[in-house]
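Q: Sequence lines, in order, name chains U and R.
First residue of the first sequence? That's 46 in the working numbering, and the numbers climb one at a time after it.
First residue of the second sequence? That's 37 in the working numbering, and the numbers climb one at a time after it.
Since the hints were made in silico from the structure, they are not lab data.
Yeah, the Cβ is synthetic: ideal placement off N, Cα and C, and Gly gets one too.
Treat the hints loosely; a few may be bogus.
Here are the in silico distance ranges between beta carbons for each label pair [unchecked claim]:
| # | chain 1 | residue 1 | chain 2 | residue 2 | range |
| --- | --- | --- | --- | --- | --- |
| 1 | R | R118 | U | G360 | 38 to 48 Å |
| 2 | U | T355 | R | R83 | 49 to 59 Å |
| 3 | U | T355 | R | N108 | 36 to 46 Å |
| 4 | U | A107 | R | V63 | 33 to 43 Å |
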Amino acid sequence: MTGSPMHPVKQAILNETRRQFFGQVAKGIGGLALSNLMADDLLALKQDTQSFGGLPSLPHFAPKAKRCIYLHMMGAPPQMDLLDYKPKMQSWYDKDLPESIRQGQRLTTMTSGQARFPIAPSIFKFNQHGQSGAWISELLPHTAKMADDLAIVRSMHTEAINHEPAITFIQTGRQIPGQPCVGAWFAYGLGSMNRDLPTFVVMNAEKSHPKSGVQAISAKMWSSGFLSPEYAGVGLRGGTNPVLYLQNPEGVSLDVRRKMLDGLGELNRIQHEQLGSPETLARIQQYEMAFRMQMAVPEMADLSSEPASTFERWGEEAKQQGKFQNAALMARRLVERDVRFVQIYHRGWDVHNDAPEVLRAQAKDVDRASWALIQDLKERGLFDETLVIWGGEFGRTIYSQGKLTPTDYGRDHHPRCFSLWMAGGGVQGGVVYGATDEFSYNIVENPVHIRDLQATILHLFGIDHERFTFKHQGLDARLTGVEEPARVVHELLA
Amino acid sequence: MQIFNAPSREHSTVRRERTNTPLQALVTMNGSQFIEASRHLAQRALREAGDEFRQRLGFVTLRLLARSFTENERTVALQTHRELLAMYRADVDEATRLLNVGDSEWDTTLPVAESAAWTMLVNQLMNLDEVLNK
């Protein structure tokens, strides 16, 4: 070939194809195993979407969603200030929460010592939006604009009252750690749609206000539990090393790395000819994938390829590493590149104190970005196949934690009800499902337990939550657990 | 350690998983400890194994694989070495940067390009399936 030298990656891909072609001709059917491309094509035949890995038995039926972006609001956003309108509470300012409402609900030690439980109505105004007429708070003006794309669930509930067990619960299906999380189940069951990027990616976004309380994030929240560790979430960090050890060390250029890999592959192939272990072939493949990741991850993370119009829609914060807006924009870029499951943990929602002030900042960071994310997905024809979830791990109390004033209050944890929204990926837009009492304390209509949410998510991906199991310690373990039956909430499905 | 299937200790584990993932490849290729270890083995080969490629290669494979390479394998290794040496001779700054990876000092009595080429050759060999499974 004449002209300038080919990019080493292109050269490598060409070389791979030629070697495999000759390999097959020389070895006949044995050469089939050597060809990773061929094997992947065979695997892809079983589904109309190209996917690599995953179980042959899945999906059980035609999926609506193929990708998921899960926006977890760590710390638990207060439902009555955002999505669960309680106008009657205005006349209850500073009155005690009636025992008939509380019904002996256990409290955390943060408020159980309080002499009074004065009600703190939300100081934020609500309005109706969209054709559904959903009541949404002034803190979420952009979210309100897309009310008809959302399914808002007001009747979520859980048993966990503190963050670590509650997040573990909503992510893994059990309060006690050790189970795989949702993303890991998907990676295991459905495999990847992309050969160059991790299947399950996790990002952490910093809190929005100096007074925001932060909770510890631990890697167990995206752990693979008893499933193989290759299904664990891969943390995407800011900076030049978005994935640990992604960058070549000093003194190792792309060309040097490519030469090293060429020789390595050749030596491994010689080994394979002698011993015939399929593990050796897998090893060759993994090294080639690592090489592709070294290109693909920085390419994905490089926002300079985005047009100016992107930042007109998202705002300039989307350029700043560490901010929620930036993570959400990355999430869009990841699903554009067919990453299966992306999760963002946004910290700072634990408004025990200074709720109005902190909430303004927290909501500002997520509101426009969530809206921009969905507009971007629609524009790219990805919305119908990408499930977006927004929510925390439990709700917050209507009564004030700490001193209540007309302009300030705090709220403690409240597991009995919380709000969450979903959009895209086969979710019915313009739906408001479930209702709480006037105090946003108890559920009065259509409760949705965390397990029901998980069953519904699996259903959108074409998976029957009861049939998708993994044998562990003698049990057919499932995401939705085996103790209580979970239901798919069909009213949320399009 | 998580990348290499260390049990999480939340369940009792009778048999540890052995997976094979690109993230593991990234650690053993790019981790500075691995690069530094490669450099030290390379330096020893250059100092102790004589002047010929075959002798030096034998020194390394004996320690990494407990055997010598076959003729086929030797050909591949020689090819890689030749190409790496040419690259590092053409860019001595690159070579020096590689030799500076890790806390320990590199052996300045040894030729720079050779040291770098051998470091990368050893890095390659340390990533062989056979070595990782030893």
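Q: Work down the list of hints and note, for each, if the structure agrees.
A: Status of each hint after checking the structure:
no.: 1; hint: R:R118 to U:G360: 38 to 48 Å; in the structure: 54 Å, violated
no.: 2; hint: U:T355 to R:R83: 49 to 59 Å; in the structure: 56 Å, holds
no.: 3; hint: U:T355 to R:N108: 36 to 46 Å; in the structure: 52 Å, violated
no.: 4; hint: U:A107 to R:V63: 33 to 43 Å; in the structure: 39 Å, holds
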